[in-house]
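Protein chains in written order, with the numbering used here: chain B, 1 to 115; chain G, 1 to 110.
It is worth saying that the hints were derived from the structure and are not from the lab.
Check each hint, because a few of them may be wrong.
[Unchecked claim] Across the chosen pairs, the derived CB separations fall in these ranges:
| id | chain 1 | residue 1 | chain 2 | residue 2 | range |
| --- | --- | --- | --- | --- | --- |
| 1 | G | T60 | B | S83 | 44 to 52 Å |
| 2 | G | E67 | B | H7 | 39 to 47 Å |
| 3 | B | G61 | G | E8 | 26 to 34 Å |
Note that this is a predicted model, so its numbers are computed, not measured.
Virtual Cβ for every residue (Gly too), placed ideally from N, Cα, C.
Here's the letter readout for the chains.
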Amino acid sequence: GAVVSQHPSWVICKSGTSVKIECRSLDFQATTMFWYRQFPKQSLMLMATSNEGSKATYEQGVEKDKFLINHASLTLSTLTVTSAHPEDSSFYICSPVDPKSTEAFFGQGTRLTVV
Amino acid sequence: AQRVTQPEKLLSVFKGAPVELKCNYSYSGSPELFWYVQYSRQRLQLLLRHISRESIKGFTADLNKGETSFHLKKPFAQEEDSAMYYCALTTNFGNEKLTFGTGTRLTIIP
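Construct the entire structure; sequences and hints are all you get.
Here is the structure:
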């Protein structure tokens with residue numbers, strides 16, 4: 001399968017600080033990137049869809065000013081959680097789509113804990 | 001809006017016994033259905049998709065439009081099948097915006 005690198009794997013931060021999560025597709029160029037969030041014992045919920053070079057589309061209930069997504073290149077997308085609060089503690093997963101196969105691949109996820 | 005339901009959160013099956021993980025969906029159109037698997041300490045990965053009609057690791061899944069189901073089956077469970085399984089659908093072919101079920105944790109008893 002394709003190689004997707006997501007960093008960091010886990011991060012602990014203080015309330016009010018910002019955290020940046022990086023996602024790289026190492027062997028294909030992803031024009032589309034999805035970001036999911038997973039709370040304990042719940043399913044993955046789509047947060048936003050980003051297309052390279054354009055603004056991200058956010059799902060209902062997801063604050064675009066809080067979860068900043070940058071998809072500046074075909075191999076890198078970042079999610080920045082701004083002014084993090086404890087309720088933002090969750091597991092964040094990126095999913096770039098290989099345009100050739102239309103298959104979605106997944107990063108290993110980032111566990112964010114806000115204290 | 002579309003929805004995916006996996007009624008079993010936990011499923012334990014003896015090694016060598018048949019496995020069936022249930023998945024039902026609701027969507028008025030024709031969705032594309034997937035099964036994803038997450039082994040311990042590994043990332044989510046595609047197991048199979050209904051349009052490819054493949055059998056992966058002995059698993060098969062048939063889309064039943066009448067019952068709006070996409071159950072995952074394997075005739076003889078193996079210990080390495082223990083994992084978390086997610087059923088998912090997309091309504092945008094070629095743009096894999098997925099709606100996931102809540103997942104079923106399958107444990108194979110030796």
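Hints, verified against the model:
1. Distance hint for G:T60 and B:S83: a CB-CB separation of about 47 Å, consistent with the stated range 44 to 52 Å.
2. Our hint of 39 to 47 Å for G:E67 and B:H7 holds, since their Cβ atoms are close to 42 Å apart.
3. Separated by about 28 Å at the C-beta atoms, B:G61 and G:E8 satisfy the suggested range of 26 to 34 Å.
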